Amino acid sequence: MQSLGTRRVNHQNDAVAVAVAGAASPLPLYRSAPPLEVRLEDFEAFAVDRLRVLKAISDGLSRGKKPEEMKNLVDELLKTHMSHPKPPEAVNKDVISHFVLRLVYCRTEDLRKWFLSMETTLFRYRFKRESEEAQRALMADFNLPYKAVNTAEFESVKDKLGQVARSIGQSLPTADAIFYKVPFEDVPELVAGRRVYIHRGNAYVAMNQVVSLVVTQFRSFLSKALILTNRKWTSSIKEQEKDRLTPIVEVLSTSYLGPDYSQPRESAEISLKDIDHLAKSSFPLCMRHLYDKLKEDHHLKHGGRMQLGLFLKGVGLKLDDALAFWRAEFSQKVGAERFEKEYAYNIRHNYGREGKRTDYTPFSCQKVISSTPGVGDHHGCPFRHFSEENLRAALGGMGVGNRGMDDIIDKVRNRHYQVACTLTFEAVHGSSCDAGINHPNQYFIDSQKILQSKLISSSYNARPSRMLKTIISLANISICKPAHHVKQ
Amino acid sequence: MNREEAENCREDMEIDGNDSEMPAQRHADIIPDGFNANYLKAYYGKVFPHSDIFKWMCYGHDGKHPGCDPTYLSRREFSFTLDNDIYLRFQSYTSAYELESSIKEKCPFKIDIGPVYSVNPAKRHAYAQTGDNVFTPVERELIFDIDITDYDDVRFCCSGADICLDCWPLMTVAIKVIDTALRDDFGFNHILWVYSGRRGVHCWVCDGKARRLSNEQRAAITDYFRVYKGNENSNKKVSLVGPVLHPFLARSYTDVLKDFFEGKVLLNQNILSTEEKYEKILEMIPDESVAAELRGKWQEKRKAKDDINVVRWEQLKSLLYSGKVKHIQGLRRCIEEIIFSFTYPRLDMEVSKHMNHLLKAPFCVHPKTGRVCVPIDPNNCEEFDPTAVPTLSQLLQELNMSGSRADMDDELDRTSLGRAVRYFRSSFLQPLLKSCKEEIESAYNSRLQQSKNSLSW
Ligand code: SF4
Ligand SMILES: [Zn+2]
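If you're matching them up, the sequences are chains A and B in order. Mapped onto UniProt numbering, the consecutive letters of the first sequence carry residue numbers 1 to 488. Mapped onto UniProt numbering, the consecutive letters of the second sequence carry residue numbers 1 to 457.
Everything labelled a hint here was simulated from the structure, so no lab data went into it. A quick note: this is a predicted structure, and the numbers were derived from the prediction, not measured. All C-beta atoms, glycine included, are put in the ideal place defined by N, C-alpha and C. Hints should not be assumed to be uniformly reliable.
Capping the alpha-carbon separation at 25 Å, the derived lysine-lysine pairs in DSS-like fashion look like this [unchecked claim]:
#, chain 1, residue 1, chain 2, residue 2
1, B, Lys237, A, Lys66
2, A, Lys65, B, Lys297
3, A, Lys147, A, Lys160
4, A, Lys160, B, Lys176
5, B, Lys258, A, Lys160
6, B, Lys277, B, Lys258
7, B, Lys353, A, Lys113
8, A, Lys224, B, Lys353
9, A, Lys318, A, Lys301
10, A, Lys293, A, Lys367
11, B, Lys104, B, Lys123
12, B, Lys353, A, Lys65
13, A, Lys128, A, Lys71
14, B, Lys280, B, Lys264
15, A, Lys224, B, Lys209
16, B, Lys317, B, Lys277
17, A, Lys238, A, Lys224
18, B, Lys317, B, Lys280
19, A, Lys79, A, Lys128
20, A, Lys147, B, Lys209
21, A, Lys93, A, Lys242
22, B, Lys317, B, Lys264
23, B, Lys237, B, Lys353
24, A, Lys301, A, Lys341
25, B, Lys297, B, Lys258
26, A, Lys181, B, Lys209
27, A, Lys66, B, Lys280
28, B, Lys209, B, Lys55
A partial selection of chain A residues facing chain B, derived with a Cβ cut-off under 10 Å [unchecked claim]:
#, residue
29, Asp159
30, Arg194
31, Tyr197
Modelling step: build the complete structure from the supplied sequences, incorporating the hints.
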């Protein structure tokens with residue numbers, strides 16, 4: 001329990017809190033920070049819950065989920081993480097968690113971008129859940145300057161509007177259908193999908209598409225707000241709160257949420273003789289590759305030993321078995337004596353038995369992906385570090401067929417390495433992995449679960465850790481920075 | 001251009017300097033064909049339309065109106081690729097004189113134009129030190145880059161950087177489709193099309209509202225134009241879904257693509273003449289039995305009076321349109337998909353999506369072909385012949401032949417570039433500047449109004 005009691009979260013925003021818990025508008029617009037008392041542990045816990053939602057949305061998007069699937073996903077997420085038996089409490093949690101994460105995600109361009117995009121997506125699907133009446137009310141709150149198209153004009157473009165509607169598989173607009181005429185710049189997503197008729201710079205937006213207008217507003221408002229929050233953060237909050245909020249905020253953006261893989265789960269201990277079999281059935285590609293290389297060369301360089309060694313520890317290989325395992329391979333190459341002298345130390349060290357008693361934690365995907373293997377190294381994430389050709393061959397070796405292959409490669413090209421890995425998991429196991437792959441050990445556990453066809457609800461998801469473990473980074477977001485390109 | 005490309009470029013340039021693939025010229029002994037730094041010096045000295053480029057880049061901010069932004073030009077990035085592979089980025093200029101003398105002095109092999117930044121790009125480091133991270137692009141023309149090498153799977157006359165009059169019409173069609181949409185759909189008016197000097201075209205959309213588009217809005221426009229599914233690097237497969245086409249696609253199809261395909265592509269590229277070629281088209285038919293039926297027909301050798309391509313195309317159409325196969329899923333859009341695959345513009349999406357892409361300035365000379373990047377009139381783009389575009393050596397020759405006079409415009413008129421420059425001025429620059437002035441004026445007035453209001457209060 002925190003002894004700090006309560007803490008007023010207030011961003012010194014002068015505006016009146018209009019949207020908080022407003023009875024007319026169950027969907028907050030987050031115009032200004034809530035003048036609410038928040039217990040410090042709620043501050044953190046609410047933020048973590050919202051992060052789970054945003055993170056799952058991010059996964060859903062990069063896995064190319066269809067709008068319908070996204071809708072269900074968001075419904076499910078809100079129910080699981082954001083609901084509260086008392087509705088006003090739910091709204092408070094909603095608003096508080098949003099503002100906490102604003103603080104967390106205001107601090108760099110990349111963080112802002114990610115947060116903006118996920119919050120906007122969340123808002124979009126929540127807006128769509130609202131009744132038409134509530135939607136109009138929200139539109140009014142946004143003060144949108146658009147006018148509905150009058151009858152005469154409607155008649156003149158009716159055919160085109162009908163053509164667009166049919167081109168996206170919708171029914172023809174009826175005579176009393178409402179269309180708004182808006183600058184095409186205001187509905188980029190409708191333009192991008194050719195979901196509107198555009199003429200001389202104006203897009204004709206149907207009532208069932210106004211979500212795009214609202215979302216654009218929401219987005220631009222939030223974008224500006226994040227910049228302002230960032231200014232306040234750097235100019236005052238960070239310093240004022242350096243003993244209380246600042247550490248929480250700083251850890252929140254880089255860390256998150258998964259189970260802790262540094263200790264093998266009690267139930268799962270593996271023995272030496274199983275490794276070979278497990279490597280083939282349940283190792284993710286990064287570990288499978290290291291394993292194969294080790295068997296082939298009877299040697300791995302330091303980076304590879306760390307990555308595989310800690311993974312094996314997480315999988316449940318005991319220290320003695322680990323020593324035996326590495327010895328069996330290395331002694332073939334360097335001899336048993338040199339192994340004991342030069343390498344055994346390292347392995348004990350990984351298990352925290354020598355040197356500083358740090359208990360080394362298995363690497364998360366984030367860490368593996370961001371490593372920089374050099375010549376002769378085999379660690380790293382094959383999705384990121386292999387050439388396309390080698391990757392295809394390696395995937396073939398895992399048993400991925402042609403059909404899955406192209407999807408996977410496509411994700412890789414878009415730098416969604418973990419999504420590619422998730423698809424690989426699914427292709428290999430013929431079963432879905434909705435949580436996405438965040439950690440090689442999670443890959444292993446999920447694989448085992450499927451293979452042993454145990455109930456899904458076993459240990460992995462059972463105990464959502466409230467602690468801010470720094471194991472699994474939230475930021476498995478691949479951000480493609482537009483470089484300065486030069487064209488002939 | 002990265003270093004490697006720059007190096008390749010140099011190699012090729014040397015080679016080009018020695019061979020003589022250009023049409024033979026009179027006085028070839030005086031000005032040999034090709035491209036070199038000396039020619040370029042003369043070109044920048046006497047022919048290059050410095051002041052037009054300057055006026056364009058100022059967008060009306062010429063200091064003559066109190067509403068002008070005196071920093072506007074100085075915030076624009078220029079970058080130069082020099083003879084010795086040196087690549088100078090973030091050059092900026094405050095006056096016509098500065099710009100012109102820098103070009104004349106440095107004699108760049110290539111001039112690229114970048115965005116307008118929040119601050120003078122040459123001084124970006126100084127601003128960075130103030131702590132406010134303010135160096136960011138704020139304006140940029142909406143640009144498009146279409147390169148004929150992206151059509152290599154649908155042109156059989158040439159490949160790679162080569163072009164000929166059989167495949168060039170692909171570019172013409174691209175110009176028509178995109179230009180019409182930019183004007184009629186998006187409402188842009190100030191659009192400049194430019195020959196890239198070798199194997200493609202560039203498009204500059206210069207309306208104020210185009211220059212101020214966000215990256216997201218640029219991406220939206222680019223996606224509006226996109227008909228290929230999957231990743232840009234993967235299969236170039238056209239996918240048209242839905243019971244009817246979006247009005248933009250429908251218009252492009254009926255007004256441009258269909259006739260072009262049946263009138264030109266079919267014959268010029270002989271796309272159904274051999275088994276190897278027609279198999280590619282049969283691959284686009286999603287139903288194997290239908291494809292097999294056509295294959296059967298086409299494998300029989302039969303003498304036909306008409307062109308074999310036309311005959312086969314008619315067979316394909318009549319089969320696909322026949323009641324017999326109408327019910328088969330996926331066949332509905334098949335003919336359109338084939339035609340789109342062969343004719344629809346293939347844009348380099350990345351160029352258009354971000355404000356910070358650089359693009360070669362018009363009137364540069366392409367180092368490999370020696371051809372000048374001249375504007376193309378979209379209303380008469382069929383008439384544009386890339387093989388007849390003036391070359392550097394040709395221009396110098398023309399100058400030499402007519403003796404020397406002082407007047408710059410005169411100088412221009414004596415070369416075959418005169419027409420291109422005059423088109424640039426009258427059809428692009430003048431209307432553009434007129435609307436820029438109006439925009440500056442009205443922005444100024446409303447600001448004035450605002451400050452009056454606040455004063456009276
Ligand atoms: S995504 Fe993670 S588990 Fe998969 S190969 Fe890469 S690092 Fe390993
Ligand atoms: Zn050709």
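Hints versus structure:
1. Annotation: proposed proximity of Lys237 of chain B to Lys66 of chain A holds, straight-line Cα distance about 21 Å (limit 25 Å).
2. Between Lys65 of chain A and Lys297 of chain B the CA atoms are separated by roughly 43 Å; this puts the pair beyond 25 Å, and the hint is violated.
3. Simply put, Lys147 of chain A and Lys160 of chain A have alpha-carbon atoms about 19 Å apart, close enough for the 25 Å limit, and the pair holds.
4. In summary, the hint linking Lys160 of chain A to Lys176 of chain B is supported, as the alpha carbons are separated by about 21 Å, within the 25 Å threshold.
5. Distance check on the hinted pair: Lys258 of chain B and Lys160 of chain A sit about 20 Å apart at the alpha-carbon level, within 25 Å; holds.
6. Distance check on the hinted pair: Lys277 of chain B and Lys258 of chain B sit about 19 Å apart at the alpha-carbon level, within 25 Å; holds.
7. At most 25 Å may separate the alpha-carbon atoms for a hinted pair to count; Lys353 of chain B and Lys113 of chain A meet this at roughly 17 Å.
8. Proposed proximity of Lys224 of chain A and Lys353 of chain B is supported: the alpha carbons are some 22 Å apart, at most 25 Å.
9. Proximity of Lys318 of chain A to Lys301 of chain A is assessed by CA-CA distance (about 21 Å); at most 25 Å being required, the pair is judged to hold.
10. Note on Lys293 of chain A and Lys367 of chain A: the hinted pairing holds, with a Cα-Cα distance of about 20 Å set against a maximum of 25 Å.
11. For the proposed pair Lys104 of chain B and Lys123 of chain B, the alpha carbon gap of about 22 Å is at most 25 Å, so the pair holds.
12. Note on Lys353 of chain B and Lys65 of chain A: the hinted pairing holds, with a Cα-Cα distance of about 24 Å set against a maximum of 25 Å.
13. With a C-alpha separation of about 9 Å, the suggested pair Lys128 of chain A and Lys71 of chain A falls inside the 25 Å cut-off, and the hint holds.
14. The hinted pair formed by Lys280 of chain B and Lys264 of chain B meets the criterion: a straight-line CA distance of about 18 Å does not exceed 25 Å.
15. With a C-alpha separation of about 21 Å, the suggested pairing of Lys224 of chain A with Lys209 of chain B holds against the 25 Å cut-off.
16. A threshold of 25 Å between alpha carbons decides the hint, and for Lys317 of chain B with Lys277 of chain B the separation of about 17 Å falls inside it, so the pair holds.
17. Our distance criterion of 25 Å between C-alpha atoms is met by Lys238 of chain A and Lys224 of chain A, whose separation comes to about 19 Å.
18. Our distance criterion of 25 Å between C-alpha atoms is met by Lys317 of chain B and Lys280 of chain B, whose separation comes to about 16 Å.
19. Restraint check: the Cα-Cα separation between Lys79 of chain A and Lys128 of chain A comes to about 16 Å, which is no more than 25 Å; the hinted pair holds.
20. A hinted pair counts as satisfied when its Cα atoms are at most 25 Å apart, and Lys147 of chain A with Lys209 of chain B qualifies at roughly 21 Å.
21. Using a Cα cut-off of 25 Å, the hinted pair Lys93 of chain A and Lys242 of chain A holds, with the two alpha carbons roughly 24 Å apart.
22. Straight-line distance between C-alpha atoms of Lys317 of chain B and Lys264 of chain B comes to about 17 Å, which keeps the hinted pair within the 25 Å bound.
23. Note on Lys237 of chain B and Lys353 of chain B: the hinted pairing holds, with a Cα-Cα distance of about 21 Å set against a maximum of 25 Å.
24. With a C-alpha separation of about 16 Å, the suggested pairing of Lys301 of chain A with Lys341 of chain A holds against the 25 Å cut-off.
25. Between Lys297 of chain B and Lys258 of chain B, the direct Cα distance comes to roughly 24 Å. Compliance with the 25 Å bound is thereby established for this hinted pair.
26. A threshold of 25 Å between alpha carbons decides the hint, and for Lys181 of chain A with Lys209 of chain B the separation of about 17 Å falls inside it, so the pair holds.
27. About 31 Å separates the Cα atoms of Lys66 of chain A and Lys280 of chain B, which puts this hinted pair outside 25 Å; it is violated.
28. Between Lys209 of chain B and Lys55 of chain B the alpha-carbon distance is near 19 Å, which keeps this suggested pair within the 25 Å criterion.
29. For Asp159 of chain A, the interface hint holds, since its Cβ comes within 10 Å of a Cβ in chain B; the closest pair sits about 9 Å apart.
30. Taken as an interface hint, Arg194 of chain A checks out: its beta carbon lies about 4 Å from the nearest beta carbon of chain B, inside 10 Å.
31. For Tyr197 of chain A, the interface hint holds, since its Cβ comes within 10 Å of a Cβ in chain B; the closest pair sits about 6 Å apart.
In the structure shown, a violation is registered for the earlier hints numbered 2 and 27, in ascending order.
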